[in-house]
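Could you build the full structure based on these sequences and the hints that come with them?
Chains L and B are the protein sequences, given in the same order.
Under the UniProt record's numbering, the first residue of the first sequence carries the number 1, and numbering increases by one thereafter.
Under the UniProt record's numbering, the first residue of the second sequence carries the number 1, and numbering increases by one thereafter.
Here are some chain L residues the structure puts well away from chain B; computed CB gaps all over 12 Å: (1) 90; (2) 136; (3) 192; (4) 279.
Across the chosen pairs, the derived CB separations fall in these ranges: (5) 115(B) - 187(L): 39 to 45 Å; (6) 131(B) - 2(L): 49 to 55 Å; (7) 209(L) - 122(B): 32 to 38 Å; (8) 274(B) - 171(L): 53 to 59 Å; (9) 225(B) - 171(L): 56 to 62 Å; (10) 131(B) - 207(L): 42 to 48 Å; (11) 180(L) - 17(B): 30 to 36 Å; (12) 170(L) - 227(B): 48 to 54 Å; (13) 291(L) - 327(B): 43 to 49 Å; (14) 171(L) - 327(B): 36 to 42 Å; (15) 178(L) - 25(B): 41 to 47 Å; (16) 227(B) - 83(L): 38 to 44 Å; (17) 188(L) - 235(B): 53 to 59 Å.
Beyond 10 Å from chain B on every Cβ pair, some chain L residues (computed): (18) 22; (19) 24; (20) 63; (21) 78; (22) 121; (23) 141; (24) 202; (25) 238; (26) 274; (27) 288; (28) 308.
It should be emphasised that the hints constitute simulated quantities derived from the structure, not laboratory data.
Cβ atoms here follow ideal geometry from the backbone N, Cα and C, with glycine treated the same way.
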Amino acid sequence: MRVLAAMSGGVDSAVAAALAVDAGHDVTGVHLALSRNPGTLRTGSRGCCTVEDAFDARRVADRLGIPFYVWDFSEEFAEDVVADFLSEYAAGRTPNPCLRCNEKIKFAALLDRALALGFDAVATGHHVRLVDGVLHRSVDAAKDQSYVLAVLTADQLRHTVFPLGELTKAQVRAIAAERGWAVAAKPDSYDICFIPDGDTRGYLAEKLGRQPGTVVDGVSGEVVAEHDGWYGYTVGQRRGLHLSRPAPDGRPRYVLGIEPVSGTVTVGPADGLDVTVITGDRLVWSTGRPPGFPLRTVAQLRAHGGQVTGSADLVDGRLRLVLDAPTRGVAPGQTVVLYDRDDRYVLGAATIVRAA
Amino acid sequence: MTYLDHAATTPVLPQVVEAVAAALRQTGNASSLHAAGRAARRRVEEAREGIAEDLGARPSEVLFTSGGTEADNLAVQGLFRARRAADPGRRRILVPALEHHAVLDTVEHLAAHEGAEIGWLEVDDFGRVHADTLAAAIAENPGDVALVTVMWANNEIGTVNPVRELAEVAHRHGIPLHTDAVQAVGTLPVHFARSGADALSVSGHKIGGTVGTGLLLLRREAAVRPLAFGGGQERGLRPGTLDVAGAAGLAVAVHDAVMHRDERVATLSALRDDLVRRVSAAVGGVRLTGDSGGSVVDGGPSRLPGNAHLLVAGCEGDSLLMLLDAAGVECSTGSACTAGVSRPSHVLLGLGMAEREARGALRVTLGHTSTSSDVDALVAAIAPAVSRARDAAAAAARRAAAVTR
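What follows is the structure, given as structure tokens:
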């Protein structure tokens with residue numbers, strides 16, 4: 001196969017490209033330039049968007065003896081990921097930009113271009129297994145990335161290769177070290193790549209501007225604080241609320257809801273956070289067709305952790321997920337991914353519109 | 001491999017390799033006083049004299065540098081600082097936005113940190129600066145202009161500027177003019193004295209010399225502040241132990257470039273015109289950017305003879321470059337860049353082109369080793385490559401449209 005390996009400059013995509021070469025594919029490496037003003041040197045735990053990262057990717061491609069190019073996707077990234085991130089926050093939702101980047105850039109813009117240019121598939125360094133068109137969790141549960149790929153359609157997955165699914169992260173690093181690559185010891189990246197200092201609140205404040213509003217106690221209806229922007233809050237947040245007075249019963253209060261139009265943030269006791277019914281739209285079936293509903297499922301509510309069990313059904317074209325036990329920290333805009341009841345493979349994904 | 005990126009760098013001439021190797025076998029610091037030192041100095045000075053002769057300069061006007069970028073920096077920063085030291089009111093630098101980054105970034109640095117004010121010189125549709133444009137810009141306030149810097153020929157689109165006329169205009173007000181002639185030597189009649197320029201940058205590796213060699217031609221009368229300080233070499237403007245082998249190689253390259261200029265102009269223009277004609281016939285929607293090259297500027301062609309800068313409608317130069325590379329044909333989307341990312345060219349944007357249009361740029365440049373079989377190879381590879389690249393662009397457009405819906 002002619003394979004286009006997306007190389008971020010990190011150890012995972014480097015080893016993925018190497019394994020694609022070892023598998024006998026005709027591999028070309030591509031680094032995506034996503035930032036309009038890339039930094040020269042890497043800072044903090046970011047691992048993809050500086051000139052140094054492009055350099056690291058290039059050096060791996062050199063060692064593999066494969067052609068290497070840097071493609072500018074900064075325009076698409078600015079529109080489909082960064083602007084989307086801001087507008088989602090502005091609408092009071094909590095988006096996951098990495099997931100959006102997979103959905104719109106790596107497995108859309110890049111994949112389209114690769115196929116049109118004569119490649120058969122795109123390879124990435126995601127920790128996930130693709131078995132007969134079904135997305136399975138990685139053998140390394142701690143590094144599994146099936147959640148951020150569950151929004152891909154069957155059509156997208158058909159032209160995708162994930163060479164790392166059978167490996168643990170430790171094995172990936174060992175392969176890179178054996179080959180003598182500098183990226184073997186490169187730190188994992190956790191932060192949002194376009195927020196270099198990891199200060200999401202500060203970034204939102206700068207981009208969305210000061211938008212004063214009030215924090216209201218949902219029980220008493222009293223205004224308990226003023227704020228400079230509702231985007232500084234997340235549903236489930238407890239710390240940093242700066243409330244003017246304690247609750248009548250002295251119990252801690254949490255952000256229960258955000259109403260961006262009026263700028264009102266509602267706080268209340270922890271039990272107000274408990275969610276048992278989740279409604280989702282924008283359904284995606286990565287196998288190409290919906291599973292047989294109703295069904296028992298393990299649902300994952302965020303990129304790391306957050307697995308819960310429950311029963312899922314389709315109601316008026318929307319997903320209705322009833323959890324076996326209440327859970328917390330569920331916000332509209334987040335993606336819920338349904339796995340089979342044994343939590344091994346992806347059934348589908350939906351965007352949460354309501355949690356109650 | 002078919003190498004069609006001679007404006008990025010061109011093969012080193014065998015006789016340059018010989019000259020450099022011969023010089024490297026000799027020991028001697030050109031500043032030493034003993035026999036070995038004198039011999040080294042002699043090789044440097046013979047190189048200097050040869051270059052001066054070939055480029056219409058006096059030997060004392062030849063300053064060896066590490067290349068075009070350093071020469072541009074020394075000229076622009078050095079002239080600016082000296083002129084400002086003489087009269088603090090001189091802060092304006094007149095420059096077209098189409099300059100190479102070695103000049104642009106230097107000027108922008110001076111504006112950001114040393115109080116320079118940039119006066120952007122308008123260009124015509126070919127990217128050329130006209131004498132009356134410069135005259136009008138100076139007339140705004142002749143007393144506050146520190147210097148004028150205009151490249152002899154553009155590295156991306158090949159347009160040649162009327163340097164002699166521009167220098168005349170600047171000199172009417174006693175303003176010095178620097179010109180980046182990195183792409184010009186070898187195919188244009190670069191004669192320092194006749195050009196009237198006060199400073200002129202040359203690079204070795206664009207003319208068959210080695211990377212890391214270059215020079216600044218600087219009039220004896222020109223006041224320039226140095227960028228670095230040390231042992232006083234090169235009129236105290238470019239101190240440091242002289243690179244004997246580099247100078248020897250550069251002299252050979254310059255001599256070759258000047259001696260073969262007429263025949264190369266003829267050969268390269270013919271190859272270029274054939275290339276443009278055949279590529280346009282093989283692929284629809286291709287046009288040559290800039291000047292056709294049919295007219296005359298200062299006794300030379302109005303466009304660099306080896307330059308074919310093409311705009312291919314409906315595709316990204318990036319895709320095209322990769323597909324041609326895979327087919328064994330090496331060209332460029334613009335100028336080479338360290339980050340390896342091709343952004344829409346500032347030259348094309350400076351011509352008023354939209355970003356999308358500018359992304360379809362393909363720069364094909366011929367040089368001293370080019371033959372008609374190179375053109376044949378490009379013509380054979382271009383149609384399937386463009387067709388694929390257009391498919392890719394169409395797929396992206398469909399996706400963008402779907403997102404908008």
